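Given the coordinates of chain H, work out where chain Y should sit on it, guided by the hints.
What follows is the residue order along each chain.
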Amino acid sequence: MATKVVMEALSPTMEEGRLVEWKKAVGDAVAQGDVLAEVETDKAVMELVARASGTMLAQVVPAGGTVPVSEVVGWIGEPGEEIEGGEGTKPEETKETKKADEADTADKPETADKQDKADEKAPSKADAPAATDGRVKASPLARKMAAEQGLDLQSMSGSGPDGRIIKRDLEGVVAAPAAGSPVATPVFASEGPAYEDLPLSQMRKTIAKRLAQSIGPIPTFYLTTEVDMERAWEARAALNAVAGDAGKVSFNDIIIKATAVALAQHPACNAWWTEGAIRQWREVHIAMAVAIPDGLITPVIRHADRKSLRQISADARDLAKRARDRKLTPEEYTGGTFSISNLGMMDIHEFTAIINPPEAGILAVGRIAEIPAVVDGAIVPRRRMMLTMSCDHRVIDGATGAGFLKTLKLLLENPLALVW
Amino acid sequence: MAVMTYRDALNAAMREEMHRDPDVFLMGEEVAEYDGAYKVSRGLLAEFGAKRVVDTPIAELGFSGIGVGAAMTGLRPIVEFMTWNFALLAIDQVVNSAAKLRYMSGGQIGCPIVFRGPGGSALQLGAQHSQSFESWYAHIPGLKVVMPATPADAKGLLKSAIRDDNPVVFIEGEMLYNTKGEVSDDPELLVPIGKADRKREGKDVTIVCHAKTVPVALKAADQLAKDGIEADVIDLRTIAPLDTTAILESVGRTNRVVVAEEGWSFAGVGAQVVDLIQREAFDLLDAPILRVTGADVPMPYNKHLEKASKTDPAKVVAAARRVLYLD
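So the protein lines, in turn, are chains H and Y.
Converting from the first sequence to this note's numbering requires adding 3 to each position, the first position being numbered 1.
Converting from the second sequence to this note's numbering requires adding 4 to each position, the first position being numbered 1.
Extracted from the complex, chain H is given alone in its bound form (with noise of 0.2 Å):
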């Protein structure tokens, strides 16, 4: 009798797994202990062995499909046999499986027969329908919905029983162009979609739970630096001395036209957290934080990383003047990809800023002032400026958001590149 294999709790938060490539074919012989294929658990990539030895009959969950712990991806049994209708059979505890596995998997019957009493024992999942090839689970609506909402359901995670995607899961969901080819260069192509929705992996789903129920909805950490301006300085003068009274730049303009340029080099921060998916934008368009009388207001500066500093400083002036005016529509103040908020004229050291869901990011900029500084092993006076990043940590990681400031901070102490 042909022997199911099953997803297999490898981890002991584990509670569903992606299989990422298939070692055995169908047809291949198989001992037991064989490697069969390899899972993503939610913390690394495992290896899926074999409970049996005889023939690979079938593989239920192609390469690539994500299933539910305990649920059957395969059969194992001799050439020509007949498997169960290629059907799986309905999930039971994680427990019971680890258990009649290490028992003896080749025994089906009785497998069966524990499965029955599983059922019989909690009733309430008894007409929960058996996921059988790996296949999204959806109720027949949300297929029809997705469909006419031209929805990918592959990207989505389901709240109905063992992962079923229902009616509730698409409501407000956005619908987004299909992902197209992944970004291959830091320099984004102006032709295509605007941005990538990147499926979440199992690693990066649990991340994102274990950490939202630690520290609210968006679990933020700060990452700060400090970054020397004299050059910055030594540059916005330079530029000033040629330019009318009306294309002056300020520090914030420059800081804007680095971190765009930054971004465009680290999409990863320049994202948003959407329901089901990581929304990795390949155009930069940084809101900038403006305070108005009774609060304060986020106009957008649009392809900042393909705008001159001159255009920036005219965008910058033209919004937040209106902004002050309330004439801002709201096209203008929506659909930023990451935000700046700059306190540094009201003399603030450095401080933390609130994230402005779905960015994953937000740069709070201190003041530029004078303080002694080890250069070349002597203390001098320097211009240095506080940055502070929040990221949410579902997005990203320490390392992610280190890596753009430590770009960011080459180019503020390098705006000459600003120019390449």
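Honestly, the hints are just simulated from the structure, not real lab data.
Just so we're clear, the structure is a prediction, and the values are computed from it rather than from any experiment.
Built from N, CA and C at the ideal position, the CB exists for glycine as well.
Certain hints may be false.
Dumping the calculated DSSO-like pairs for lysine-lysine here, alpha-carbon to alpha-carbon at most 27 Å [claimed, not checked]:
1) Y:K207 with H:K170
2) Y:K230 with H:K170
3) Y:K104 with Y:K184
4) Y:K184 with Y:K319
5) Y:K207 with H:K147
6) Y:K307 with Y:K184
7) H:K170 with Y:K319
Quick list of the computed label-pair ranges, beta carbon to beta carbon [stated by the list, open to error]:
8) Y:K230 with H:I218: 26 to 36 Å
9) Y:D231 with H:T337: 34 to 44 Å
10) H:I218 with Y:Q227: 34 to 44 Å
Partner residues are not named here, just some residues of chain Y that face chain H (Cβ under 10 Å, in silico) [said to hold, decoys possible]:
11) H133
12) D168
13) D169
14) R257
15) Q282
16) F286
17) L288
18) L289
19) A291
20) P292
21) Y329
Quick look at chain Y alone, frame taken from chain H:
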């Protein structure tokens, strides 16, 4: 309009139809001198005389056969069964004679007969007297099966059944006889056979029910409303032919369905409703359809076991919450 009991609404329907059509007559056990075992025929003997209100021996197969024969000659008999449990003795006349006559005579012989009486359980009547047989009769081509839940529907549907040129199985409820409601006194106000009724409007979950499960479903809907859940309660009223349009329209509104019935689960009325929905409205479903039925046992006499065996509001609420993915 007048407020009257379900019992009196049935009585009014028969009285009005007997005045309207001299071919209509009533026969059954205790229907005449005793005014009916459940007093549904109260006063009819005095009003219409012994030729049209006929007491029979305790011989269901015999008097059902007499009724079918009378219908073949063009009369319109109403045959009362003291309960549908006793009609098991007469089922050959209902299924093999009444349901087949028009078909097997090539349309030459009709059978305009109504078989009526209470069905289902009451309180502690034991296993043999607490049974729901509507799915048995609904299974038979040639029979219409009607099950009103309210006094107004009872009157309007019984009048339609009496005027129908085909055999109608009309199943009442002992526990419904004393329920009261507004009933029209217009003798021409009929409730059409084959039309369901939306007894409560909601957008979150459909509860399909009939006869005694209608008040159960409405109580469940009240409880669900306390949690902000709006149930769409569809009273089938007629089991055969089924009002498929009303059911499917409701599924379109709610995407989630619970089917409640008094009878047993296997091949029950609800199974037919589920079949319809999965076939015609598959893409409208957001959850598997759940059924609430009587327990799969002969009805216990023990009071507590009997209660536990029956379809009740708590079970309907639990099923509704599950199809809404709340539990």
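Hint check results:
1. Y:K207 with H:K170: Holds: K207 of chain Y and K170 of chain H sit about 14 Å apart, inside 27 Å.
2. Y:K230 with H:K170: holds, 23 Å
3. Y:K104 with Y:K184: violated, 37 Å
4. Y:K184 with Y:K319: With a Cα-Cα distance of about 25 Å, the restraint between K184 of chain Y and K319 of chain Y holds, given a limit of 27 Å.
5. Y:K207 with H:K147: Holds, because 19 Å separates the two Cα atoms, which is no more than 27 Å.
6. Y:K307 with Y:K184: holds, 26 Å
7. H:K170 with Y:K319: OK: K170 of chain H and K319 of chain Y at ~24 Å, within 27 Å.
8. Y:K230 with H:I218: 26 to 36 Å: Since K230 of chain Y and I218 of chain H have Cβ atoms about 35 Å apart, the given range 26 to 36 Å holds.
9. Y:D231 with H:T337: 34 to 44 Å: Since the Cβ atoms of D231 of chain Y and T337 of chain H sit about 36 Å apart, the hinted range of 34 to 44 Å holds.
10. H:I218 with Y:Q227: 34 to 44 Å: holds, 38 Å
11. H133: violated, 30 Å
12. D168: violated, 38 Å
13. D169: D169 of chain Y check fails; min Cβ-Cβ to chain H is 41 Å, beyond 10 Å.
14. R257: violated, 12 Å
15. Q282: holds, 9 Å
16. F286: Holds. Min distance 5 Å.
17. L288: holds, 6 Å
18. L289: Holds: closest Cβ of chain H sits about 5 Å from L289 of chain Y, inside 10 Å.
19. A291: With a closest approach of 6 Å, the A291 of chain Y hint holds.
20. P292: Given a least distance of 6 Å, the restraint on P292 of chain Y holds.
21. Y329: This hint holds: Y329 of chain Y lies near chain H, its Cβ roughly 5 Å from the closest one there, short of 10 Å.
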